[in-house]
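Chains as they are written, first to last, in our numbering: chain L, 1 to 190; chain P, 1001 to 1315; chain H, 2001 to 2398.
Source of the hints: derived by calculation from the structure; they are not laboratory data. Please note that a few of the clues may not be correct.
[To be verified] Simulated pairs of lysine-lysine, DSS-like, Cα-Cα distance not exceeding 30 angstroms: (1) P:K1298 to H:K2160; (2) P:K1191 to H:K2042; (3) L:K85 to L:K181; (4) P:K1042 to H:K2273; (5) P:K1299 to H:K2380; (6) H:K2042 to P:K1255; (7) P:K1013 to L:K89; (8) P:K1007 to H:K2237; (9) P:K1007 to P:K1087; (10) H:K2273 to H:K2237; (11) P:K1029 to H:K2237; (12) L:K189 to L:K85; (13) L:K157 to P:K1299; (14) P:K1042 to P:K1013; (15) H:K2273 to P:K1298; (16) H:K2047 to H:K2160; (17) P:K1013 to H:K2246; (18) P:K1241 to P:K1211.
Take a look at the letters that make up each chain.
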Amino acid sequence: MGFHYELRFAGVGGQGSLTAGTILAHAAVFHTNYYATQVPTYTSQVRGGAAKADIIISDTPIIFAESTNVDFFLATHQKAYNAYKGDLKQGADVLVDSGLVTVPDEDAKIYKVYEYPLVRTAKYEIGNVVTMNVLAVGICVGLTQVLDVEAVRETVKEEVPERFLDMNLKAFDMGLEVGEKFRREGPTKK
Amino acid sequence: MAVDYAKYLRMDKMPLYWCPGCGDGIVLKCYLEAIDELGWSKDDCAMVSGIGCAARVTGYVDFHTLHTIHGRAIAVAVGIKMAHPDKHVFVFGGDGDLVHIGGNHLLHACRRNIDITVVLINNWIYGMTGGQHSCTTPPGAKASTAPRGSYEPTIDVCKMAIGAGAGYVARGFAGDPVRLKKLIKEGLEYKGFALIDVFSPCPINFGRRNKLGDPAKLLEHMKSFLVSSAKAKRMSEEELKGKFITGVLHKDESKPELTEAYKGLVEKAQASDEYWAKYAKGTLTDADKYKITREELKKLYPYDVETPLKEWKKL
Amino acid sequence: MGRIAFLNANAAVAEAALVAGLGFYAGYPITPSSEVPERLSKIMPEKGLPFMMMEDEIASINACVGASASGVKAMTCTSGPGFSLKQEALGMACIFEVPLVVVDVMRGGPSTGLPTRPSQQDIMQARWGTHGDHPIIALAPCNAQEAIFETIRAFNLAEKFRQPVVLLTDGALSHLHTKVYIPDPEEVEIIDRAQPDVDPDNYYPYDYNYEIPPLAKWWTEDGKSYRYHLSSLIHDKTGFPTVDPKYTQWLLKRLHNKILNHVDEITKNEYYKMDDAEVCIIAYGSTAEAARVAIDQAREEGIKVGLFRPLTIWPSPEKQISDIASKVKHIIVAEMNLGQYKLEVERIVAGRVPVYGVGQAAGVLIRPSQIYEKIKDPSKSVEICLTEEELKRFGGGE
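Whenever a hint applies, use it, and build me the whole structure from the sequences.
Next comes the structure, spelled out in structure tokens:
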């Protein structure tokens, strides 16, 4: 099998997990010539219920889009972390919001856990909490290098509303930096 | 000038199916006279009906006609009118058909104010199926399913239609064809939803069971429930209880008509091009622009199944 | 050239309908089908086409019948409970013989059931949901790309055979976004209903001289007006009611035969690794994708197993299934219901080989591993199940 990468973006409804997933999937499909699938799962409770988006990126068409070996897991809420941490593969990269999710010690032994104050940074350093998902996308790309940085940046430009563009690009670049730092220095929780 | 009724009728379908003394023929005659006065071409007229005695009208008029299922005529007519906003669309039907089973469609057609003219032949009974009571059967009146008299309250269809937002609402009486024709004509001319509720006798299935088998007697009986709008103005609320007012009850020239409103929406949509502006950038993109080759496209559908793409196989 | 897009099957159906020449949409919102009208509500006004959200499911299909009868291609879209409500008017479309496309995004039932979860429980409803004897065409695509192709085909079949066509997708397909190609109308074959070659005075909507009489548009492009009558009652060639027993029998037979005489043209099937197969999996829609993965896995171990996938669910591919029954040792039907299509396969196979089923109506996709296990041991029950102790307590099991 060639290139095959599974990501899971989980949070509670309203946090933007689905949008983050869409950005990566679109970057793969429109700017990288990969195949991608995206399966959003949410409960009938649109705001506040656990929600996730499973993204598979591959260089061959994906026949059965079932995420069973997740390479990268983003959790921005404890509820979502607990509900969707199954299906992770051993040694998967796990990115959580340090203020909202506490990763159990035994999990840190199986996965590479990175903690970062996503919400706080988005709100106070970037200036708007809605940029959290793009910040997370930036960290994801910087850390995993699953897709070309420019491809993702182009997609961010296409996907976010124009009036939030500058703010989001700032978030993306900040995320990239953080991600690259994580890549160099290894997991934050050992 | 005498109206050439035959011009509008499918004469090979004569004689009419209705019972002696039935009001349906009178209503049809008034309606044809109104059409004739307006000078509308048969080619531009479409009529839809559901099921019932009144619904048989579609078989007789030489228009584009659909004889559909019980209660749904107005919904079908909405489809035709939206697809052909420049044509005249009519619905004929009875109280059981249009108000009882099809009441929801009537309500929402009123609300939308779509340019359809509905002639509701209200005979207080399910005539064709043997005289079962409907939502317009007066309390106490006997029906085959109400042998001791109906115990349910009745409905004032016009009040309901006005409340729901219909642009033109009138009530006529089969016993007063001169005025009925005028009411129908005004409804046809009105650009918006027009409902003409026509009280019409069913001497066989309503009359006989209620000792009103003589059509003239039944007409008199029905008339006793009716009050002209001019007279009603001078009556107290107490006096009007249980009465039904005739004449033009409501006419709103300012309410937008639905197909016109849709035209406005189309103009707005085409001017802003919102959809393409959003999607041309992201989810909807020219394959050429993103340099997707035909070979790669083929990979999107790797199955050994023929596709409707003419050139797919040749790739 | 067309467009590349990243869509779920609902959006794909909406886009494809426009490629096929959709001229009128009326619907009522219902999970998990609502992306279809949501997308069309954006596009159709820009193209100047009428889009309606009606007061209920019944009104929406009736409005479509009206629009289609007058000469416009119409579609409505719904899910299980709404599909039940549409049945009476679906029958009207059958007896009127007006083209119509009804999309049913299958969700778990009965009743409100599992609104956000996938199922394939409407297979038999699609066939037998309407009262009376009538034929139906039902198609079941397995992914968003195929949903595009099959939607176009649904319109073509509807127009060609003057017949309502049901497109069956499911709640999983409606969530799964994939990369798809949306062709331009010029790239695909688009069929429009045949028009009469006689003038309006000599036109009959049910002319006895035709197997499928042309359905005249009420108002033609060149300014002609075909005035005629269509009745939901049993009717003669003029469209007017009749109760003549001989004619009634003839009409109902013709309704069936116009489909049955063209089964080869209407059915479409995929054979996957069936050449030397000793075991045949029959699966359709999204379940077939799981079967494909399971088959690849079993093949690696040398098990000779293949997939037969009907894209046309109704009319059923009797010849093909019968042929398979004469070649394989046994058949496994995998579907997200408790064995609806299995009944049809059993009818066709008529006891020649054993027919096993993976019948799961749990609101989740059948996984490849379940089908794989069934391939290994067909007598084994592989569906999601309670523990043995729970089973004893609540009853059930196979």
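So, going through the hints one by one against the coordinates:
| no. | hint | result |
| --- | --- | --- |
| 1 | P:K1298 to H:K2160 | holds (28 angstroms) |
| 2 | P:K1191 to H:K2042 | holds (27 angstroms) |
| 3 | L:K85 to L:K181 | holds (24 angstroms) |
| 4 | P:K1042 to H:K2273 | violated (61 angstroms) |
| 5 | P:K1299 to H:K2380 | violated (36 angstroms) |
| 6 | H:K2042 to P:K1255 | holds (25 angstroms) |
| 7 | P:K1013 to L:K89 | violated (77 angstroms) |
| 8 | P:K1007 to H:K2237 | holds (23 angstroms) |
| 9 | P:K1007 to P:K1087 | holds (19 angstroms) |
| 10 | H:K2273 to H:K2237 | violated (48 angstroms) |
| 11 | P:K1029 to H:K2237 | holds (28 angstroms) |
| 12 | L:K189 to L:K85 | holds (17 angstroms) |
| 13 | L:K157 to P:K1299 | holds (28 angstroms) |
| 14 | P:K1042 to P:K1013 | holds (17 angstroms) |
| 15 | H:K2273 to P:K1298 | holds (20 angstroms) |
| 16 | H:K2047 to H:K2160 | holds (25 angstroms) |
| 17 | P:K1013 to H:K2246 | holds (22 angstroms) |
| 18 | P:K1241 to P:K1211 | holds (24 angstroms) |
Against the hints set out earlier in the document, violations occur for numbers 4, 5, 7, 10.
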